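**Q** Just need the whole structure built from these sequences, with the hints factored in.
Residue-level listing of the chains:
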Amino acid sequence: MSLPSACLYTLAAALTIGTAAAAEGSLHLFANGEALAREGFVAPELTRDGWELRFDHVFVTLAGVSALQTDPPYDAHAGGKPRATDTVVFDAIDQMTIDLTDTDAQGRVMLATAPAPAGHYNAVVWSVVPAQSGDWAGQSMVLVGTATRDGASVDFTLTSDATHDYTCGEYVGDARKGFVAAGSDAALELTFHLDHLFGRLDKEDADPMNIHALGFDAFAAGGTHQITLTGLHIGHVGEGHCAVSHR
Amino acid sequence: MLSAIVKPLIAALLLAGPAAAHGAFVDMGTTEAVAIQARYDTGALMAGAQVSVFAPDNPAQPWLTGMTDADGRFVFVPDDRAGQWAVQVRQAGHGAMGYVTVGADGAAITVTASRTGLSWAQRLLMAASVVWGCIGTALYFRRLRPAEPA
Chain A
198 MSLPSACLYT LAAALTIGTA AAAEGSLHLF ANGEALAREG FVAPELTRDG
248 WELRFDHVFV TLAGVSALQT DPPYDAHAGG KPRATDTVVF DAIDQMTIDL
298 TDTDAQGRVM LATAPAPAGH YNAVVWSVVP AQSGDWAGQS MVLVGTATRD
348 GASVDFTLTS DATHDYTCGE YVGDARKGFV AAGSDAALEL TFHLDHLFGR
398 LDKEDADPMN IHALGFDAFA AGGTHQITLT GLHIGHVGEG HCAVSHR
Chain B
2 MLSAIVKPLI AALLLAGPAA AHGAFVDMGT TEAVAIQARY DTGALMAGAQ
52 VSVFAPDNPA QPWLTGMTDA DGRFVFVPDD RAGQWAVQVR QAGHGAMGYV
102 TVGADGAAIT VTASRTGLSW AQRLLMAASV VWGCIGTALY FRRLRPAEPA
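Listed in order, the protein sequences are those of chains A and B.
Taken in order, the first sequence gives residues 198 to 444; the numbers are from the numbering used here.
Taken in order, the second sequence gives residues 2 to 151; the numbers are from the numbering used here.
Treat the hints with caution; some may be incorrect.
Here are some chain A residues pointing at chain B (derived, C-beta under 7 Å) [as the list claims (entries may be wrong)]:
no. : residue
1   : P270
2   : V369
3   : F376
4   : E436
Heads up, incomplete: computed chain A residues facing chain B, CB under 8 Å, no partners named [to be verified]:
no. : residue
5   : D362
6   : G366
7   : G437
These are calculated hints, taken from the structure and not from any lab test.
From a predicted model like this one, the values you see are computed outputs, not experimental measurements.
C-beta atoms are modelled at their ideal positions from N, C-alpha and C, and glycine is treated no differently.
**A** Written out as structure tokens, the structure reads:
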């Protein structure tokens, strides 16, 4: 191969790589509190101590949300820092307070859409932080609703001012998510499992979730209570696990 | 008249299927496989859990689906597509992913990650070496002759 030809091939290859690197689609991000947020804890899925809960609001304030392509895939069980090869930062989700009971037809809360280089986004990083403004300034999670047991009902408001930092692996659910192709879009989801907060009567007492969950007995008098979420794994990606730290 | 000829002919053709065989053969060989064992984080085995295997070139659609056995185990043999294979295991709202990378030569299997389950998996993926021998070639077939019919 002559030198000019080699140069042309090199240039062509560089242009090809440049084009591939520029291949971009869109990534939509949703939050989902699942049926327990939307419909409540209804038999047989009562709280671990037998309360029926129905929520008027489940407010969560989010910040620092990024979707990552990681290699190797992030092992949330092992924890540590993901090795990202591409990162999409959702700047729009800076101090965004959402209500997990106020959803679209698919039961999700739309958070944001961002341009994303093509590839598989197999990790998500996000935080739950105290709101800086609004009716619940200073609180990161607020659950408002009604609890019923043995025919008696109480209204409750549970608040948390803790900051939780989540680092999650791949979304796990009915379909794999996060595959962005050039010119097309994909979706990811931050999933909140409220049964880790209240436990579930239809699960075994020895289930780790029930062992650690708060239950509702402590709030049976109704009214407003500050709750401690340390050690609870509320945030997930579908059924997939997240490493969590509380501040 | 035509019917009298055609009907016996069709019957003869039908009988010329498996029933007309004089023996059977079993092809045997060795290969590399991937074995998983799924557990909850309590250590309990995920028996009868739903398994989906995704090939490298079509990661959004399952290449294979199945179910773990009573010991939470599932074994599959990837084809010759090199790259990252993904395995998803789910049961009763708990799920996790594991990954194995198959080399370009189709032989090398390395576990690249595992354990992302909500409440399972001390270990999701173990590379398996269900490889017995395989001396010389990846596939060595040995044909067994059936016993002569009595």
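**Q** Check each numbered hint against the structure and report the violated ones by number, ascending.
**A** 5
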